[in-house]
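Sequence order for the protein chains is Y and A.
Heads up: the first sequence begins at 0 in numbering that gives the first Met the number 0, then just goes up one per residue.
Heads up: the second sequence begins at 0 in numbering that gives the first Met the number 0, then just goes up one per residue.
These aren't lab readings, by the way, just hints derived from the structure by calculation.
Note that the list lumps identical chains together, so a pair holds whenever it fits in one copy or between two copies.
Within a straight-line C-alpha distance of at most 20 Å, the following computed SDA-like cross-link-like pairs (lysine to any residue) qualify:
| # | residue 1 | residue 2 |
| --- | --- | --- |
| 1 | 124 | 196 |
| 2 | 124 | 94 |
| 3 | 124 | 63 |
| 4 | 150 | 214 |
| 5 | 124 | 24 |
| 6 | 124 | 62 |
| 7 | 20 | 91 |
| 8 | 75 | 135 |
| 9 | 10 | 21 |
| 10 | 75 | 194 |
| 11 | 124 | 177 |
| 12 | 124 | 21 |
| 13 | 124 | 61 |
| 14 | 124 | 92 |
| 15 | 124 | 44 |
| 16 | 12 | 48 |
2 protein chains.
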Amino acid sequence: MFVITSADNDKLKTIRKLQQKRWRNKLGLFTAEGEDLVGPNPVFLLRAGENVEPDLLDAVSTLGSGTRVIGVYEQKWAEPEGDLLVYLHRVEDPGNVGAIIRSAHALADATVVLGPSCADPYSPKAVRASMGSIFTHPPARAMLDALDGHKIALDANAQAELRDVGVTRPVVLVLGSERGELPQGLQSVRIPVHADSLNVAMAASVALYEVANRMAADG
Amino acid sequence: MFVITSADNDKLKTIRKLQQKRWRNKLGLFTAEGEDLVGPNPVFLLRAGENVEPDLLDAVSTLGSGTRVIGVYEQKWAEPEGDLLVYLHRVEDPGNVGAIIRSAHALADATVVLGPSCADPYSPKAVRASMGSIFTHPPARAMLDALDGHKIALDANAQAELRDVGVTRPVVLVLGSERGELPQGLQSVRIPVHADSLNVAMAASVALYEVANRMAADG
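So here's chain Y without its partners, still in its complex pose:
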């Protein structure tokens, strides 16, 4: 097998480029690092000591030294369809975006729809936080107005509590960043809290659990 021994190698250059959003968008690709994160059907896969010198792989890693494997994949985008969608409004932290993709998959098999100004779900941080769910349940992109369904916004200042509100399929759970504004004109509900605020990924998990349970009970 050909072993990469030069940092000028095109595959290493591609991995380095893919650390930037601009290049991810341009090439339609992304990277996943580490044995527990690499998914099926890579465009190519580099393994330290097998087809690349370990130092060269470390040098293009976003995790730092000790990276054993980096895969490059095509970005996939789902259609914003299904009985339950999670719409993110300006959630700018990539760790939160990835974590919500993971929770939506685990708790409700739901697609996450990214509105404008969200973090790139294909950034290395988001991919890591999604823990493989980005492969099995890729996100969608849409404007909120383009989605049909019963739109319910999670809002710490709402009067109504999530568990007291009826849900009608299809449901669109709308979540914003922790301190940001939510879109106007939606039914808004809160999760009862004792303290200031929940992390948006935690709020998403609780809401997904509650709504998925309710929908399952309704049959």
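Given chain Y, put chain A in place with the hints provided.
Relative to chain Y, chain A alone:
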């Protein structure tokens, strides 16, 4: 006001030391960085441009450049008491420990009890993830055997579902790391999932929400 202009200053040296667990344990102190994280009653507080040169503060920051403020605080430890406790068994990721402290505070006003081999809740990463809850709701330390109450372990492989299980106060929710073993001999329940696994902080949030709701309904 005295302005620190030397990296040899004792306060800067203390902050640097507190990046290490060994020194945090020895001094019983910890740091919080950033306007939204500094809490009340610091041992001392350094503000860029006020009492320390900005470059010197950046140099001791764990966040990198642009840090405006770092506070040093005394570690506090709660007693493992209350109607609802969250016991962490070998949760080694500091971000998860901090996030669970935040969620336990927000969703249930509950104390988090750290068993052996958990991440230090006073590490910079954990403090940041707790978003101030470490100040208002400090964690406790104990062995599981020392806790009284109805112990319920979250386990992805359990037969029973969390929502189907009766709870008797005081409740101790037991959570382990995502791939680790849980203590033996406990009642174990699962959160129904469609995919491999939930992040432990997400699982904690869902379980806290469910159990706190149930306890509130029981009066």
